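Engineer: The sequence shown lines up with residues 1 to 192 when you count with this note's numbering.
Since the hints were made in silico from the structure, they are not lab data. Hints should not be assumed to be uniformly reliable.
[As the list claims (entries may be wrong)] The calculated SDA-like cross-link candidates involving lysine to any residue, where the alpha carbons are at most 20 Å apart (straight line), are:
no., residue 1, residue 2
1, K90, N54
2, K70, G104
3, K131, S87
[Stated by the list, open to error] Across the chosen pairs, the derived CB separations fall in these ranges:
no., residue 1, residue 2, range
4, D134, V79, 37 to 47 Å
5, P175, S139, 13 to 23 Å
6, S140, R173, 39 to 49 Å
7, K90, G178, 22 to 32 Å
8, Y192, F117, 18 to 28 Å
9, V79, V167, 18 to 28 Å
10, T34, V79, 20 to 30 Å
11, D55, L115, 35 to 45 Å
12, I150, Y85, 16 to 26 Å
13, G111, S139, 41 to 51 Å
14, K131, N159, 20 to 30 Å
15, D134, N159, 54 to 64 Å
Note that the structure is predicted; figures quoted are calculated from it, not measured. Yeah, the Cβ is synthetic: ideal placement off N, Cα and C, and Gly gets one too.
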Amino acid sequence: MKNVKIIFVLLILSICCKAFADDSVTRFHWALGTAAISYGDSETDTAMEYLSDNDYSRIILSGELGFSFKLDEMLRFVVGGNLVYDSFWKDSQSAFFLDYALFGGMRVYPGLGGLNFGLEYNTGRRSNFYKLDDISVDSSSTKWGNGFRIVTEYDFSVNTTGFAPVVGFSYRRMPRGGFADNIFTFYFRFSY
1 MKNVKIIFVL LILSICCKAF ADDSVTRFHW ALGTAAISYG DSETDTAMEY LSDNDYSRII
61 LSGELGFSFK LDEMLRFVVG GNLVYDSFWK DSQSAFFLDY ALFGGMRVYP GLGGLNFGLE
121 YNTGRRSNFY KLDDISVDSS STKWGNGFRI VTEYDFSVNT TGFAPVVGFS YRRMPRGGFA
181 DNIFTFYFRF SY
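Model the full structure from these sequences, guided by the hints.
Structural biologist: Here you go:
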């Protein structure tokens, strides 16, 4: 519930900033994409082996919601939240893994059009949900962890105002109390 309140406050702040600020200074953004995930714990590894060996269908979706402030022509401060949904299903059985995190960091634009690089601090957690005959655990959650995300993007909104796409790739490492998940994400982000 605490995370929902934080995200709600960030959303309200971004709407207020959007209403009272120049588009080139403040931008609200959302993203959709996909990911490749390397889980670091034995429980999830066991589940992955079972799901792979039994031909379950799989989809991985990622999403992001946040806003940014232009600090300089070459520097933006970003905050928000991201989510990765990894789902398996076959007949009446299913499993899904929900990774959620809050982030804050910087984007550096080195003067090569919209190309930018970012480094972010992340705090997050993963929840696992199972409806499988051969796995006795129904659901579990990892400890909250503090990690980082490295981002490379091309931002088509540079030197423009209004709605513009961003194409990006990120690597996020999330330690979770004795192990760490590695998440590689490819996404399309939209800023306005």
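Engineer: Could you run down the list of hints and mark each one as holding or not?
Structural biologist: So, going through the hints one by one against the coordinates:
1. A hinted pair counts as satisfied when its Cα atoms are at most 20 Å apart, and K90 with N54 qualifies at roughly 9 Å.
2. The straight-line distance between the Cα atoms of K70 and G104 is roughly 14 Å, inside the 20 Å bound, and the hint therefore holds.
3. Simply put, K131 and S87 have alpha-carbon atoms about 12 Å apart, close enough for the 20 Å limit, and the pair holds.
4. Roughly 41 Å separates the CB atoms of D134 and V79, a value that falls within the hinted 37 to 47 Å.
5. Checking the proposed 13 to 23 Å range against P175 and S139 shows it holds: the Cβ atoms sit about 21 Å from each other.
6. The beta-carbon spacing between S140 and R173, approximately 21 Å, falls outside the hinted interval of 39 to 49 Å.
7. Separation of K90 from G178 is about 30 Å and conforms to the stated range, judged on CB atoms against 22 to 32 Å.
8. Distance hint check for Y192 and F117: the Cβ-Cβ separation is about 22 Å, which falls inside the suggested range of 18 to 28 Å.
9. Range check, V79 to V167: about 21 Å between beta-carbon atoms, so the 18 to 28 Å window is met.
10. Checked against the hint of 20 to 30 Å, the pair T34 and V79 passes, with Cβ atoms roughly 23 Å apart.
11. For the hinted restraint 35 to 45 Å between D55 and L115, the CB-CB distance of approximately 41 Å keeps it satisfied.
12. A hinted range of 16 to 26 Å for the beta carbons of I150 and Y85 is consistent with their spacing of about 22 Å.
13. Checked against the hint of 41 to 51 Å, the C-beta distance between G111 and S139 comes to roughly 48 Å, which is consistent with it.
14. Roughly 50 Å separates the CB atoms of K131 and N159, a value that falls outside the hinted 20 to 30 Å.
15. Take D134 and N159: their Cβ atoms lie about 56 Å apart, and the range 54 to 64 Å holds.
Comparing the model with each earlier hint shows violations of hints 6, 14; every other hint is respected.
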